[in-house]
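Undergrad: Sequence:
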Amino acid sequence: MLRQPPQKARPPADPDAVLVAAANTHFAFDLYRKLSAQSGNILFAPYSLFVVLSMAYAGARGETAAQMAQVLHLPPLSERLCAAYENLAALLTAAEAGAQTELNAANGLWPQAGYPLREEFLALLARCYGATVAAVDYHDPDAARRQINDWVEAQTRAAIRDLVPLGTLDPLTRLVLVNAIRFKGRWAGQFAKEATTQAPFWTGPQHAVEVPMMEQEGTFACGEEARAQLLELPYAGDELAVLILLPKHGVDLAEVEAALSVENLQRWAETLAPRTVRVGLPRFLLAQEVQLAALLRALGMVDAFDQERADFSGIDGRTMWLYVSAVIHKAYAAFDEEGTEAAAASAVVVKMRSIPSPPEIVRADHPFLFLIRERRSGCVLFLGRVVDPAAPVV
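Per our numbering, the sequence shown starts with residue 1, numbered consecutively.
It should be emphasised that the hints constitute simulated quantities derived from the structure, not laboratory data. Incorrect hints may appear among the rest.
[As the list claims (entries may be wrong)] Straight line, CA to CA, 20 Å or less: simulated DMTMM-like cross-link-like pairs of lysine to aspartate or glutamate:
hint : residue 1 : residue 2
1    : K248      : E232
2    : K193      : E215
3    : K184      : E337
4    : K34       : E341
5    : K248      : D388
6    : K193      : E338
7    : K193      : E341
8    : K184      : D336
9    : K193      : D365
10   : K34       : E257
11   : K248      : E360
12   : K184      : D238
13   : K248      : D365
14   : K193      : E337
15   : K248      : E215
16   : K193      : D336
17   : K184      : E341
18   : K34       : E289
19   : K184      : E102
20   : K248      : E225
21   : K184      : E338
22   : K184      : E153
23   : K34       : E255
[Unchecked claim] Pair by pair, the computed Cβ-Cβ distance ranges are:
hint : residue 1 : residue 2 : range
24   : D170      : T197      : 19 to 25 Å
25   : R297      : E270      : 32 to 38 Å
26   : Q70       : L35       : 15 to 21 Å
Every value quoted in this text rests on a predicted model; they were computed, and no experiment measured them. In this text, a Cβ means the ideal position worked out from N, Cα and C, and glycines have one as well.
Put together the whole structure using the sequences plus the hints.
TA: And the structure:
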(Lines of atoms letter the chains of each structure in order from A and count residues from 1; the text may use other names and numbers.)
(Lines give C-alpha, C1' and ligand atoms only; values in the text may rest on other atoms or scores of the structure.)
Protein backbone atom coordinates (compact mmCIF):
# COMPACT_ATOMS: atom_id res chain seq x y z
CA MET A 1 0.00 0.00 0.00
CA LEU A 2 1.28 3.44 -0.92
CA ARG A 3 1.66 6.01 1.82
CA GLN A 4 1.98 9.62 0.80
CA PRO A 5 4.96 11.55 2.16
CA PRO A 6 4.03 13.98 4.93
CA GLN A 7 2.87 17.31 3.60
CA LYS A 8 5.28 20.19 3.85
CA ALA A 9 4.20 23.09 6.01
CA ARG A 10 3.09 25.78 3.62
CA PRO A 11 3.25 29.45 4.64
CA PRO A 12 -0.06 31.25 4.13
CA ALA A 13 -0.60 32.97 0.81
CA ASP A 14 -0.69 36.75 0.52
CA PRO A 15 -4.24 37.82 1.56
CA ASP A 16 -4.74 39.96 -1.55
CA ALA A 17 -3.60 37.09 -3.77
CA VAL A 18 -6.17 34.88 -2.02
CA LEU A 19 -8.88 37.46 -2.79
CA VAL A 20 -7.93 37.46 -6.48
CA ALA A 21 -7.90 33.65 -6.45
CA ALA A 22 -11.40 33.71 -4.92
CA ALA A 23 -12.54 36.12 -7.64
CA ASN A 24 -11.16 33.69 -10.20
CA THR A 25 -13.10 30.84 -8.58
CA HIS A 26 -16.34 32.87 -8.50
CA PHE A 27 -15.88 33.55 -12.21
CA ALA A 28 -15.04 29.89 -12.85
CA PHE A 29 -18.26 28.64 -11.27
CA ASP A 30 -20.40 31.32 -12.95
CA LEU A 31 -19.01 30.36 -16.34
CA TYR A 32 -19.25 26.64 -15.57
CA ARG A 33 -22.98 26.99 -14.98
CA LYS A 34 -23.36 28.46 -18.46
CA LEU A 35 -21.19 25.76 -20.03
CA SER A 36 -22.94 22.95 -18.14
CA ALA A 37 -26.14 23.56 -20.09
CA GLN A 38 -24.49 21.53 -22.84
CA SER A 39 -24.26 17.76 -22.63
CA GLY A 40 -21.09 15.72 -22.45
CA ASN A 41 -17.62 16.34 -21.08
CA ILE A 42 -16.48 19.85 -20.17
CA LEU A 43 -13.00 21.29 -19.78
CA PHE A 44 -11.78 24.85 -19.43
CA ALA A 45 -9.05 26.78 -17.66
CA PRO A 46 -10.70 29.56 -15.66
CA TYR A 47 -7.38 31.08 -14.65
CA SER A 48 -6.33 31.48 -18.28
CA LEU A 49 -9.60 33.22 -19.15
CA PHE A 50 -9.59 35.28 -15.97
CA VAL A 51 -6.13 36.64 -16.67
CA VAL A 52 -6.75 37.53 -20.30
CA LEU A 53 -10.04 39.26 -19.45
CA SER A 54 -8.31 41.05 -16.57
CA MET A 55 -5.78 42.42 -19.05
CA ALA A 56 -8.65 43.80 -21.14
CA TYR A 57 -10.27 45.13 -17.94
CA ALA A 58 -7.10 47.12 -17.29
CA GLY A 59 -7.94 49.20 -20.38
CA ALA A 60 -11.70 49.44 -19.81
CA ARG A 61 -13.38 52.56 -18.50
CA GLY A 62 -16.86 53.70 -17.44
CA GLU A 63 -19.77 51.26 -17.67
CA THR A 64 -17.65 48.82 -19.68
CA ALA A 65 -15.23 48.54 -16.76
CA ALA A 66 -18.08 48.29 -14.23
CA GLN A 67 -19.65 45.36 -16.09
CA MET A 68 -16.32 43.57 -16.45
CA ALA A 69 -15.57 44.09 -12.75
CA GLN A 70 -18.92 42.52 -11.86
CA VAL A 71 -18.38 39.49 -14.10
CA LEU A 72 -14.81 38.99 -12.86
CA HIS A 73 -15.74 39.71 -9.22
CA LEU A 74 -12.94 42.27 -9.04
CA PRO A 75 -12.60 45.61 -7.22
CA PRO A 76 -11.70 48.78 -9.15
CA LEU A 77 -8.23 48.90 -10.67
CA SER A 78 -5.54 49.89 -8.19
CA GLU A 79 -1.90 49.35 -7.36
CA ARG A 80 -3.02 46.90 -4.67
CA LEU A 81 -4.88 44.82 -7.27
CA CYS A 82 -1.82 44.87 -9.50
CA ALA A 83 0.35 43.66 -6.62
CA ALA A 84 -2.17 40.89 -5.88
CA TYR A 85 -1.85 39.60 -9.45
CA GLU A 86 1.93 39.67 -9.14
CA ASN A 87 1.80 37.75 -5.85
CA LEU A 88 -0.60 35.14 -7.23
CA ALA A 89 1.61 34.64 -10.28
CA ALA A 90 4.61 34.23 -7.95
CA LEU A 91 2.72 31.55 -5.99
CA LEU A 92 2.00 29.63 -9.18
CA THR A 93 5.62 29.95 -10.28
CA ALA A 94 6.75 28.62 -6.89
CA ALA A 95 4.42 25.64 -7.31
CA GLU A 96 6.87 24.01 -9.70
CA ALA A 97 8.75 21.14 -8.08
CA GLY A 98 11.86 20.58 -10.14
CA ALA A 99 11.48 18.54 -13.29
CA GLN A 100 8.51 16.59 -11.93
CA THR A 101 6.01 19.45 -12.12
CA GLU A 102 5.80 22.07 -14.82
CA LEU A 103 3.46 25.04 -14.58
CA ASN A 104 4.05 27.68 -17.20
CA ALA A 105 1.78 30.67 -17.80
CA ALA A 106 2.54 33.36 -20.36
CA ASN A 107 0.72 36.52 -21.38
CA GLY A 108 1.08 38.11 -24.79
CA LEU A 109 -0.03 41.42 -26.26
CA TRP A 110 -0.28 41.64 -30.05
CA PRO A 111 -1.03 45.22 -31.20
CA GLN A 112 -1.30 46.46 -34.76
CA ALA A 113 2.12 47.74 -35.82
CA GLY A 114 2.11 51.52 -35.64
CA TYR A 115 -1.19 51.78 -33.75
CA PRO A 116 -0.69 54.08 -30.75
CA LEU A 117 -1.37 52.45 -27.38
CA ARG A 118 -1.14 54.33 -24.10
CA GLU A 119 2.22 53.86 -22.44
CA GLU A 120 0.46 53.55 -19.08
CA PHE A 121 -1.53 50.56 -20.38
CA LEU A 122 1.56 48.84 -21.74
CA ALA A 123 3.47 49.47 -18.51
CA LEU A 124 0.59 48.12 -16.41
CA LEU A 125 0.37 44.90 -18.40
CA ALA A 126 4.13 44.42 -18.25
CA ARG A 127 4.28 45.04 -14.50
CA CYS A 128 1.14 43.24 -13.31
CA TYR A 129 0.93 40.41 -15.83
CA GLY A 130 4.44 40.12 -17.21
CA ALA A 131 2.94 40.48 -20.68
CA THR A 132 5.29 40.49 -23.65
CA VAL A 133 4.49 42.79 -26.57
CA ALA A 134 4.93 41.83 -30.22
CA ALA A 135 3.49 44.07 -32.93
CA VAL A 136 1.95 42.43 -35.99
CA ASP A 137 0.30 43.67 -39.18
CA TYR A 138 -3.40 42.79 -39.25
CA HIS A 139 -3.60 44.01 -42.83
CA ASP A 140 -2.16 40.53 -43.50
CA PRO A 141 -4.54 38.59 -41.20
CA ASP A 142 -3.22 35.13 -42.05
CA ALA A 143 0.38 36.07 -41.27
CA ALA A 144 -0.69 37.70 -37.99
CA ARG A 145 -2.75 34.64 -37.08
CA ARG A 146 0.22 32.35 -37.72
CA GLN A 147 2.49 34.47 -35.51
CA ILE A 148 0.04 34.39 -32.59
CA ASN A 149 -0.74 30.69 -32.99
CA ASP A 150 2.95 29.78 -33.25
CA TRP A 151 3.58 31.62 -29.96
CA VAL A 152 0.72 29.79 -28.22
CA GLU A 153 1.90 26.45 -29.58
CA ALA A 154 5.42 27.11 -28.29
CA GLN A 155 4.17 28.19 -24.83
CA THR A 156 2.00 25.07 -24.44
CA ARG A 157 4.57 22.66 -25.93
CA ALA A 158 2.26 22.02 -28.91
CA ALA A 159 -0.71 21.02 -26.70
CA ILE A 160 -2.77 23.95 -28.03
CA ARG A 161 -2.64 24.55 -31.76
CA ASP A 162 -4.48 27.01 -33.99
CA LEU A 163 -5.99 28.98 -31.09
CA VAL A 164 -7.07 31.81 -33.38
CA PRO A 165 -9.15 30.31 -36.21
CA LEU A 166 -9.33 31.48 -39.78
CA GLY A 167 -11.56 34.50 -40.28
CA THR A 168 -11.18 35.86 -36.74
CA LEU A 169 -8.72 38.61 -37.64
CA ASP A 170 -9.10 41.30 -40.29
CA PRO A 171 -7.59 44.72 -41.14
CA LEU A 172 -9.77 46.36 -38.45
CA THR A 173 -8.20 44.25 -35.68
CA ARG A 174 -6.13 46.48 -33.43
CA LEU A 175 -5.13 44.24 -30.54
CA VAL A 176 -5.13 40.58 -29.49
CA LEU A 177 -4.55 39.66 -25.85
CA VAL A 178 -3.48 36.07 -25.19
CA ASN A 179 -2.89 33.91 -22.13
CA ALA A 180 -1.40 30.44 -22.49
CA ILE A 181 -1.00 28.02 -19.59
CA ARG A 182 0.52 24.55 -19.49
CA PHE A 183 0.63 22.16 -16.55
CA LYS A 184 2.34 18.80 -16.40
CA GLY A 185 2.33 17.18 -12.99
CA ARG A 186 3.40 13.79 -11.72
CA TRP A 187 1.29 12.29 -8.99
CA ALA A 188 2.96 12.36 -5.58
CA GLY A 189 2.02 8.67 -5.58
CA GLN A 190 1.77 7.24 -9.07
CA PHE A 191 -0.65 4.56 -10.18
CA ALA A 192 1.03 1.29 -11.17
CA LYS A 193 0.35 0.64 -14.84
CA GLU A 194 -0.02 -3.09 -14.22
CA ALA A 195 -2.91 -2.35 -11.83
CA THR A 196 -4.93 -0.64 -14.58
CA THR A 197 -7.71 -2.85 -15.93
CA GLN A 198 -10.68 -2.44 -18.23
CA ALA A 199 -13.76 -1.66 -16.14
CA PRO A 200 -17.24 -0.22 -16.65
CA PHE A 201 -17.88 3.52 -16.33
CA TRP A 202 -21.58 4.20 -15.92
CA THR A 203 -22.55 7.12 -18.15
CA GLY A 204 -26.18 6.60 -17.12
CA PRO A 205 -28.29 4.29 -14.93
CA GLN A 206 -28.56 1.66 -17.65
CA HIS A 207 -25.51 2.34 -19.81
CA ALA A 208 -21.78 1.75 -19.27
CA VAL A 209 -18.66 2.05 -21.39
CA GLU A 210 -15.44 0.09 -20.90
CA VAL A 211 -12.53 2.31 -19.83
CA PRO A 212 -9.00 1.77 -18.47
CA MET A 213 -9.50 2.15 -14.71
CA MET A 214 -6.38 3.11 -12.73
CA GLU A 215 -6.24 1.82 -9.16
CA GLN A 216 -4.14 2.22 -6.05
CA GLU A 217 -4.50 2.08 -2.29
CA GLY A 218 -2.87 4.74 -0.17
CA THR A 219 -3.30 7.56 2.29
CA PHE A 220 -5.09 10.50 0.71
CA ALA A 221 -7.02 13.53 1.89
CA CYS A 222 -10.70 12.77 1.49
CA GLY A 223 -14.07 13.63 2.92
CA GLU A 224 -17.70 13.89 2.03
CA GLU A 225 -20.62 16.25 1.97
CA ALA A 226 -24.32 15.55 1.61
CA ARG A 227 -24.15 14.87 -2.11
CA ALA A 228 -20.62 13.75 -2.92
CA GLN A 229 -17.42 12.02 -1.91
CA LEU A 230 -14.37 14.30 -2.00
CA LEU A 231 -10.87 13.11 -2.86
CA GLU A 232 -7.71 15.18 -3.24
CA LEU A 233 -4.81 13.70 -5.20
CA PRO A 234 -1.61 15.75 -4.77
CA TYR A 235 1.04 16.27 -7.41
CA ALA A 236 4.76 16.02 -6.71
CA GLY A 237 5.87 19.03 -4.72
CA ASP A 238 2.58 19.19 -2.80
CA GLU A 239 1.65 22.70 -4.00
CA LEU A 240 -0.83 21.57 -6.65
CA ALA A 241 -3.59 18.99 -6.38
CA VAL A 242 -6.69 17.76 -8.15
CA LEU A 243 -9.92 17.67 -6.17
CA ILE A 244 -12.40 15.03 -7.34
CA LEU A 245 -16.10 15.59 -6.60
CA LEU A 246 -17.82 12.23 -7.03
CA PRO A 247 -21.60 12.14 -6.60
CA LYS A 248 -22.79 9.54 -4.15
CA HIS A 249 -24.73 6.70 -5.71
CA GLY A 250 -28.28 7.81 -6.41
CA VAL A 251 -27.27 11.50 -6.56
CA ASP A 252 -27.40 13.23 -9.93
CA LEU A 253 -24.29 15.13 -11.01
CA ALA A 254 -26.46 18.22 -11.51
CA GLU A 255 -27.04 18.37 -7.74
CA VAL A 256 -23.29 18.57 -7.14
CA GLU A 257 -22.92 21.18 -9.89
CA ALA A 258 -25.63 23.28 -8.25
CA ALA A 259 -23.66 23.26 -4.98
CA LEU A 260 -20.50 24.73 -6.54
CA SER A 261 -19.57 27.97 -4.79
CA VAL A 262 -16.46 29.58 -3.38
CA GLU A 263 -17.82 29.16 0.14
CA ASN A 264 -18.65 25.48 -0.33
CA LEU A 265 -15.31 24.77 -1.97
CA GLN A 266 -13.48 26.32 0.98
CA ARG A 267 -15.64 24.39 3.45
CA TRP A 268 -15.09 21.12 1.59
CA ALA A 269 -11.33 21.68 1.48
CA GLU A 270 -11.27 22.33 5.23
CA THR A 271 -13.03 19.02 5.95
CA LEU A 272 -10.53 16.89 4.04
CA ALA A 273 -8.56 14.54 6.27
CA PRO A 274 -5.99 11.80 5.55
CA ARG A 275 -7.50 8.34 5.31
CA THR A 276 -6.60 4.98 3.86
CA VAL A 277 -8.40 4.92 0.53
CA ARG A 278 -8.78 2.52 -2.37
CA VAL A 279 -8.87 4.82 -5.40
CA GLY A 280 -10.25 4.01 -8.82
CA LEU A 281 -9.87 6.70 -11.47
CA PRO A 282 -10.37 6.34 -15.22
CA ARG A 283 -7.58 7.20 -17.61
CA PHE A 284 -8.94 9.91 -19.87
CA LEU A 285 -8.21 12.71 -22.31
CA LEU A 286 -10.34 15.83 -22.69
CA ALA A 287 -10.12 18.69 -25.17
CA GLN A 288 -12.50 21.56 -25.75
CA GLU A 289 -12.70 24.73 -27.83
CA VAL A 290 -15.30 27.37 -27.14
CA GLN A 291 -16.17 30.86 -28.34
CA LEU A 292 -17.21 32.69 -25.18
CA ALA A 293 -18.65 36.02 -26.32
CA ALA A 294 -22.29 34.93 -25.97
CA LEU A 295 -21.70 33.34 -22.54
CA LEU A 296 -19.89 36.43 -21.25
CA ARG A 297 -22.72 38.63 -22.47
CA ALA A 298 -25.14 36.36 -20.60
CA LEU A 299 -23.08 36.88 -17.43
CA GLY A 300 -23.40 40.67 -17.80
CA MET A 301 -20.32 41.69 -19.81
CA VAL A 302 -22.41 43.38 -22.51
CA ASP A 303 -20.91 46.74 -23.45
CA ALA A 304 -17.43 45.36 -24.18
CA PHE A 305 -18.82 43.60 -27.29
CA ASP A 306 -20.94 46.56 -28.46
CA GLN A 307 -19.31 48.70 -31.16
CA GLU A 308 -21.37 51.73 -30.11
CA ARG A 309 -20.99 51.46 -26.32
CA ALA A 310 -17.62 49.81 -25.56
CA ASP A 311 -15.17 52.07 -23.75
CA PHE A 312 -11.57 50.86 -23.85
CA SER A 313 -10.10 54.34 -23.82
CA GLY A 314 -7.58 53.15 -21.24
CA ILE A 315 -5.91 51.23 -24.08
CA ASP A 316 -5.54 53.91 -26.73
CA GLY A 317 -6.88 57.10 -25.13
CA ARG A 318 -9.74 57.33 -27.64
CA THR A 319 -13.29 56.77 -26.39
CA MET A 320 -15.58 54.42 -28.35
CA TRP A 321 -12.96 53.35 -30.89
CA LEU A 322 -12.29 49.83 -29.66
CA TYR A 323 -14.54 46.88 -28.80
CA VAL A 324 -14.11 43.15 -28.15
CA SER A 325 -15.09 41.06 -31.17
CA ALA A 326 -14.17 37.58 -29.91
CA VAL A 327 -13.04 35.64 -26.83
CA ILE A 328 -11.54 32.30 -27.83
CA HIS A 329 -10.56 29.50 -25.47
CA LYS A 330 -9.00 26.08 -25.98
CA ALA A 331 -8.18 23.58 -23.26
CA TYR A 332 -6.63 20.11 -23.08
CA ALA A 333 -6.13 17.66 -20.20
CA ALA A 334 -4.80 14.10 -20.01
CA PHE A 335 -4.95 11.97 -16.84
CA ASP A 336 -2.85 8.79 -16.74
CA GLU A 337 -0.91 6.62 -14.30
CA GLU A 338 2.02 9.05 -14.07
CA GLY A 339 0.04 12.24 -13.59
CA THR A 340 -1.76 14.97 -15.49
CA GLU A 341 -0.87 17.07 -18.49
CA ALA A 342 -3.12 20.05 -19.11
CA ALA A 343 -2.92 23.15 -21.24
CA ALA A 344 -5.13 26.03 -22.25
CA ALA A 345 -5.02 29.28 -24.14
CA SER A 346 -7.39 32.22 -24.31
CA ALA A 347 -7.51 35.21 -26.60
CA VAL A 348 -9.42 38.48 -26.57
CA VAL A 349 -9.63 40.11 -29.99
CA VAL A 350 -10.14 43.87 -29.93
CA LYS A 351 -11.20 45.68 -33.09
CA MET A 352 -12.04 49.16 -34.24
CA ARG A 353 -15.62 50.05 -35.34
CA SER A 354 -17.09 49.43 -39.44
CA ILE A 355 -10.71 33.10 -21.64
CA PRO A 356 -5.93 0.66 10.28
CA SER A 357 -9.33 0.09 9.26
CA PRO A 358 -10.54 -1.28 5.94
CA PRO A 359 -9.81 1.25 3.23
CA GLU A 360 -12.51 3.64 2.15
CA ILE A 361 -13.38 3.18 -1.52
CA VAL A 362 -13.52 6.15 -3.88
CA ARG A 363 -14.21 4.70 -7.31
CA ALA A 364 -14.89 7.20 -10.06
CA ASP A 365 -16.95 4.84 -12.20
CA HIS A 366 -19.71 7.37 -12.93
CA PRO A 367 -19.77 11.06 -13.95
CA PHE A 368 -17.69 13.39 -11.74
CA LEU A 369 -16.15 16.85 -11.54
CA PHE A 370 -12.48 17.73 -11.07
CA LEU A 371 -10.62 20.92 -10.16
CA ILE A 372 -6.85 21.38 -10.45
CA ARG A 373 -5.89 23.93 -7.79
CA GLU A 374 -2.95 25.72 -6.23
CA ARG A 375 -3.41 24.70 -2.62
CA ARG A 376 -2.24 27.77 -0.70
CA SER A 377 -4.35 30.34 -2.55
CA GLY A 378 -7.08 27.94 -3.69
CA CYS A 379 -6.70 29.24 -7.24
CA VAL A 380 -8.59 26.99 -9.68
CA LEU A 381 -6.43 26.45 -12.77
CA PHE A 382 -8.54 23.85 -14.58
CA LEU A 383 -12.15 22.78 -14.09
CA GLY A 384 -13.74 19.82 -15.80
CA ARG A 385 -16.66 17.43 -15.98
CA VAL A 386 -16.16 13.80 -17.00
CA VAL A 387 -19.40 12.28 -18.25
CA ASP A 388 -17.87 9.79 -20.68
CA PRO A 389 -14.09 9.17 -20.47
CA ALA A 390 -14.32 7.04 -23.62
CA ALA A 391 -15.80 9.84 -25.73
CA PRO A 392 -13.65 10.63 -28.78
CA VAL A 393 -11.62 13.84 -28.66
CA VAL A 394 -12.12 15.93 -31.78
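Undergrad: Indicate, hint by hint, whether the structure satisfies it.
TA: Cross-check of the supplied hints:
1. K248 - E232: It holds: about 16 Å lies between the C-alpha atoms, which stays within 20 Å.
2. K193 - E215: holds (9 Å)
3. K184 - E337: Since the Cα atoms of K184 and E337 sit roughly 13 Å apart, the hinted pair holds (cutoff 20 Å).
4. K34 - E341: violated (25 Å)
5. K248 - D388: Status holds; Cα separation ~17 Å.
6. K193 - E338: Holds, at roughly 9 Å.
7. K193 - E341: Status holds; Cα separation ~17 Å.
8. K184 - D336: Judged against 20 Å, a Cα distance of about 11 Å means the pair holds.
9. K193 - D365: holds (18 Å)
10. K34 - E257: Given pair K34, E257 holds - Cα atoms ~11 Å apart, limit 20 Å.
11. K248 - E360: At roughly 13 Å apart (the allowed maximum being 20 Å), E360 and K248 satisfy the hint.
12. K184 - D238: Distance of about 14 Å is within 20 Å: holds.
13. K248 - D365: With Cα atoms ~11 Å apart, K248 and D365 stay inside 20 Å; holds.
14. K193 - E337: holds (6 Å)
15. K248 - E215: holds (19 Å)
16. K193 - D336: holds (9 Å)
17. K184 - E341: holds (4 Å)
18. K34 - E289: holds (15 Å)
19. K184 - E102: holds (5 Å)
20. K248 - E225: holds (9 Å)
21. K184 - E338: Answer holds: K184 to E338 is near 10 Å, not above 20 Å.
22. K184 - E153: With Cα atoms ~15 Å apart, K184 and E153 stay inside 20 Å; holds.
23. K34 - E255: holds (15 Å)
24. D170 - T197: 19 to 25 Å: Given a distance of about 52 Å, which is not inside 19 to 25 Å, the answer is violated.
25. R297 - E270: 32 to 38 Å: holds (35 Å)
26. Q70 - L35: 15 to 21 Å: This hint holds: roughly 19 Å between Cβ atoms.
Violation of the numbered hints given earlier is confined to hints 4 and 24; the remaining hints are satisfied by the structure.
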